[in-house]
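Engineer: Listed here are the chains, written in short residue letters.
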Amino acid sequence: MPKIKLPKLFAQSLTKADLEKRIYRKIYLQEYRDFIDGVLEEDANGNLRVRENLSKKELAKLKKIANSIRKNKGFVNRGKLIFTGLFIAALIIFTVFFKDSLVENVAEQGLEAVFQARCDLNGLRFSLLGGRLFFSHLEVANREKPMRNLFELGPTEIRLNLAEMLKGKVIIENLACEEIRWDTPRKFSGALPGPQTQVTAKATAGQEESNPLAFLNDVKAGALAVLEKEKENLQSLKRVLDLSKEYSEHLADWDKKREKLLDAYKKVETSIKKVTEIDVKKLKNLTEVKAALDLWTETYQEVSAFKKDVESTVKELNKELAKVEADRKEIAKKVEEDLKWIMDSLTAPITSSSSVIGKIADRILGFSVGQIISYAKLGLGYFNELKPKAPQEIKPEPPEKQYGFVSFPGRSYPRFLLQHASCSLGQLAGDHLRFELRNLTGQPDLLKAPCDFSYEQKNGKQLFSVMLKEQLMLALIPKGPFRLR
Amino acid sequence: MFIQWLAKIIVALNANTRPVEIGLGISFAFWLGIIPFNLPAMPLFNLLWLALFLIAFFIKINQAIFMVFLAIFKLLAPVIYPLSAWLGYAVLTVPELYSFFTSLNEIPLLFFTYFNSPLVMGGFLLGLFLFGPLSLIASLLVRLYREKLRERIAHSKLVKAFFQIPLVKKISELLGGAISFYQGLRG
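Heads up: the sequence lines are chains E and D, in that order.
Be aware that the first sequence starts at 1, since it is given in my numbering, and climbs by one per residue.
Be aware that the second sequence starts at 1001, since it is given in my numbering, and climbs by one per residue.
By construction, these hints were calculated from the structure, which means they are not laboratory data.
All figures in this text were calculated on a predicted structure; none of them were measured in a lab.
Fair warning: there could be bad hints in the mix.
Stated by the list, open to error - Covered by chain E, per the in silico footprint, the following chain D stretches (three or more residues, Cβ under 8 Å): (1) 1016-1025; (2) 1056-1062; (3) 1114-1127; (4) 1137-1148.
Claimed, not checked - Once the Cα atoms are required to be at most 25 Å apart in a straight line, the calculated SDA-like pairs of lysine to any residue come out as: (5) E:Lys71 - D:Gly1132; (6) E:Lys319 - E:Ser236; (7) E:Lys169 - D:Glu1106; (8) E:Lys73 - D:Ile1010.
As the list claims (entries may be wrong) - Which bits of chain D does chain E cover? Going by a derived footprint, with three or more residues having C-beta under 8 Å, they are: (9) 1089-1097; (10) 1100-1110.
Glycine residues also receive a C-beta, built at the ideal position from the N, C-alpha and C atoms.
Isolated chain D (complex conformation) (with noise of 0.2 Å):
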């Protein structure tokens, strides 16, 4: 499974997709990953996560990019959740927007997006600020990478001589067309 989302990430970074479509692909699995899916002692999941989520899943991003890196961030996101926490609950309580939470409080449906939990609001605009950035980051290291690495990684030694592994040999045998990239390269 893993090898596979792997060869997947592979595929997508070599190609002829758009490099904004990874950068998007990372930064809402960054987004989704530390807003939390679900609190202890609430009863239902998260509604924003699950709006961002059908967001994300109606934009063309590559998926794979996507679920790779949501797992990757929701390990890591025990880490981030100080600074989100801390982040959100300095924004909950501004006393300038009591009033506006006090109304978004009284919306029925907006209750189960768990906004007034300092770790979803600062996880909201933590995702939110670093969004654009992160996109575009992304977007021009899959460039450089395209511009200055790809060719010269596929054209490598090492990596014929990886492919020529019996092991490697088989396993993209049985992965069929997700490292067929390499082939078309040297086609």
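So that you can see chain E by itself, here it is in the shape it has in the complex (with noise of 0.2 Å):
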């Protein structure tokens, strides 16, 4: 008879306490236990062993039995904690060993994959716990002129509180951006590989020597033809313009009226004259008599003809002084609406789209961000959304809301706050600007603490104007304490 191969828990000879200890306190069905006692039989020690001549069914049995006596041991699921303990200690390697260079590479990608040129970023360093990105250097080349880059960053840093963001909140730690350049020289040249980046060695050379701040001579066309398109929208220029062109149209008729009416006027003079001339006592006939009573006739004649003339041409003239005076309100009313137009386009949000200034910062940031103009509008635009919003109508509660909260103190933050930002332009034309912005928020009331923004410029003449800055806080800020340093 083939010798069977038993469950390893009973293989070999178990004495009385064994077997309470291993098996009989890890089986909890009594038909479990009545099955082991009919399986055993005791050998020449006295100890207990299973017996040989087990059949098929006894022996599948056995080794359901022992089965689940290897699964009532311990109190934690092994498998799981392993498993488990694997994952984070592969996520814990990735984090520190690959975490940094994979989200350079992926950030190289995506903006080589935006400017179509080479993008070299350095030193970055990406803590999704901590809410935070930080790399020291980025240079993006120009698609149209490889040896030269688009822009380049230097030290910059996005920190943001995670656990305020999970409440919903938009809490900015820190956002810094240092040495911003643009149009700088490059080492080597930043065209991607492929026929469409390829561009010429005559025009490659002639961009080397252009000036660094060529972008600066296209602003103020720009902003000219911004300004140019919006006299489009001013009424009362137009209307003025017409009016101009159909008084002079009056004028012209006038000059012609004046003139006819100096004839009129010279021929009944001269009328008048001949008529003042007869002397009654000279006439000695009657045909003399007839002659100068036709003569009296045709000049009275002349007179009332002249007189209504005058009469008609007078009340013409007021007509047309009623209209002037028309003419002159409708202009004084539409120089009011153009004047609250531009002031309104003037205070409006920077990313309202009836923003003048807006539209000439887009047309000069158009220059020389380019396409990245669109997203920074695009952000500053959802600075809205975060502001408060009026109450919604009340549903009915979910019985947990019924309960409320008990509170406690501790730090309240705004919906929105941005708490340091920073922000450096590099060896501008020998200038040094340096912004930066502390507290800014949609609720000063819960912050406590004074929106406060200061710039600093080193050799040099101010480029920016105060309204700008104004314009951009008034915009941003609804109210609150607002200085200007």
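Using the hints, put the two chains back together into the complex; each one sits in its own frame.
Structural biologist: Right under this line is the structure:
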């Protein structure tokens, strides 16, 4: 008879104490106990062991019992724990050794896809749990001029308060971008491999000598073009131009009328002179009397006609004067309306479509930063979404909400807060500009700290006007203290 | 689905598993059932609930019993809410514990346990107090069932007749091993 393979637990002989401790304590069904009692037999030493003549069915059941006994050990699910432990270990290894370089590569590829030119990103540090992204240097080549950079950024950091973000609040602890430069020279070509990015050597050579501030030449033209286009919206100007044309035609008509009246006057004057020269005493016969009478009658008719002409001209003149007055009033009204429109355009948020400053900024930044401006505007537009909204219609409360919360003191953040932002423009025509902004929020009453904006400039005159800064601030902060330093 | 879960419960009750695993499954289900998973107007789900769920995931408990009873206790939770809210509010407003809760409130991640909700605090404490007794009672009931009722039920004419019904036969075929305990008993 072939030797059967017993489960490990039952392979060796067991003392009664072992049987109790290792087997019976882990069996919770009487049926299983009875079965085991039935398959065990005492050996020569008085120990218990499984009898040899087990049927296949009995052996299968013994295996089943052994399995269930094995499962009834310990209170921790080791399999799940080991799997989770391995997963966490892999995650830690990935975070320590590969995360930053992976994010760096992905960011470079993404930027290259957007700008169609080589991008170099160095010193990237990314922390998902810390909500921080930092890099020491980024340069993006110009697709059209591969030996020059479109822009270059120095140390840049974005740090968010992740815990508050999970509560639905946007708290930017730091947003810094230092040493921003445009159109800087490159040591090697920034063209991506492929036919679309190849440029002629001649063009490249010419570009290398170009002025780094060349983009500023277009700024004035761009601003003027925007203002010229905006001028079309001025109703008063349009009306004044129309009226000017109309009154020029009227003036010519009046000149003609004046000439005509003068001619008529001279004619009448001549006729009256003739009449006054008639000496009644010297009239000798009836024929002379008749001639004199005819002259008087003719002169009378001429005077009457002249009188009529003068009267109608005076009437027309009065009418014209009334029209001039009405036009003057209309122009004054339109000028007032236009003034209001201009003020509205100037004070509208920079992200609004009606903002003239926004349009000029679009144009100016469009020259230098290209596609980035649309994304930046989109980001600024989200600010309005973060402003406190009006309370919505009250819906029936679910049971969980009926019990409310017990509040304990703690720091309460507004829905949006930019704690610190800084930006510096490096070596711009010998100037060094640095902007810094602190505590920008839509709910300053919650923050109880003033919004603080400062900028410093070395070696040169100011580039941006105060009005633009105020406008930007006013657009972003509806109320609250603001100090310009 | 429901029949499958029911079959799994029957298997768990009749298999050679530790009664305490079933007891722990019921206790964890009760604990998680009375603690709200998410609260209205709160942006994230309850971290306390998740932490307890993870503990239940790593401990050897009967998963089928746990899931079924979790669903049952979730449905029954609104009945227990007044009691748990009362208990939670009573604890949260104890003046001696005020500074302790204030310091808890300062810890960023603990905010997401929503411990300052009377429902969460009450549910947590109620679950904690009843965890031991519930496990013990459930284990004893399972032991009692296995010792006193199991054999009788398995060998009763009613059960035998029930398993002869064509529909039950078909279901048992579909469920495969889910009700194999019966055949096991017969073998």
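Engineer: When the hints from earlier in the document are held up against this structure, which numbers fail?
Structural biologist: Nothing - there is no hint that the structure violates, so all of them hold.
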